[in-house]
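Colleague: Use these hints to put chain D onto chain A, whose structure you have.
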Amino acid sequence: MEANKVDMFIMSNAKFFESHQLHIIRDRLVTIDDSKWVMVSTAQFKDPSTSLIISIIGGHFGVDRFVIGDTGLGIAKLLTCGGLGIWTVIDWFMIQGATREKNMQMLQQFLY
Amino acid sequence: MHLFQIKLYRILSIACLAGYIWLYFNLSNFYSKYTSQIGVCLFKRVTSIPCPACGITRSILSILQGNLLQAFYWNPFGFLLLAVLILTPIWLVIDAITKKNSLLTFYVAVEKKLQQKLVAIPAIALVLINWFWNIHKDL
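Protein chains in written order, with the working numbering: chain A, 0 to 111; chain D, 11 to 149.
Only chain D is shown next, with the shape it has when bound in the complex:
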């Protein structure tokens, strides 16, 4: 269990760091000037159909500018991801200071909950509906 904790915390910190670097590039002019034509989504590049997560970056940028309705239009999952992006580093630091594993306990509990059919089926449906909406919006 201890090994798993180290692994999970490492993945989470790398993911959060990558997320913040990605956001920084999007907020600075660098991205909009040079790379806005490229786009990062592999699936969209190959099939030209947006994937379920397309638009989350634009959604988070809209939230940061205070434009919540526009953020919801780009992708509703932006709210979820921004919350995770803010909470996870704080939680990691608290766990490191107090030498506890509360984040791991929470993660395992959420994972167990999501594997129940009653929670999993609505969640899958939600993702699929959002995906169809993404395709309809042609992000």
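For reference, chain A alone in the conformation it holds in the complex:
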């Protein structure tokens, strides 16, 4: 794919991924076929800041985990009073990283 297209993608989507993954994503995007550009550029990534807000408000019921697609862990949180309240607090700090990881998993489906 053309380098300027890739750079545009990286610039507009940098906040959705871990910063150490950006180099890998860029290198990979440059090598892949142009036909995948439509899929990559229209993919809907989850915003880490949004999931942090959801985690603070609805983390006790596991809503944050449901939103990023971790249905199993969401149910675990829901049925244990947010992990006795401890998991809720832990997830306030973990959920942004978890969201970025989910985004990376989603992008990997297009890349490989």
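Treat the hints as calculated values from the structure; they're not laboratory data.
Some hints here could point you the wrong way.
Stated by the list, open to error - Reference listing, derived: stretches of chain D covered by chain A, where coverage requires no fewer than 3 residues with Cβ under 8 Å from a Cβ of chain A:
hint: 1; stretch: 51-58
hint: 2; stretch: 62-74
hint: 3; stretch: 95-102
hint: 4; stretch: 120-126
Note that the Cβ used here is the ideal one computed from N, Cα and C, for glycine as well.
Modeller: The following block gives chain D in isolation, referenced to the frame of chain A:
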């Protein structure tokens, strides 16, 4: 995928361990003597409305005492959670011995099933009904 397996198994074992410690404290006199007034549910402390999971501890304790009807009254999800609490450690040990990932496969399959609309909507409805019942019972 391998990294995810390690992470999931770690979370599951920590959760089960915490669950058993919590049950132990509730079964021993320590809890009923000193901390029964406190309660652990953050949501209930803040809003004084019970959350969908309130009463599960009492439900599991009732099951352990053989009082199934009382357990259903406290919270029907107690049966589900007790089953998970018993099965998960056994499954984890089997997976560790045979070096397979059958629990992970099962977890991913269940997750995929729950994300289908036909399963998700009744499940959400069930949780909501149970929540209203909890509020009505004033646990």
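Colleague: Which hints from the list above does the structure break, by number from lowest to highest?
Modeller: 3
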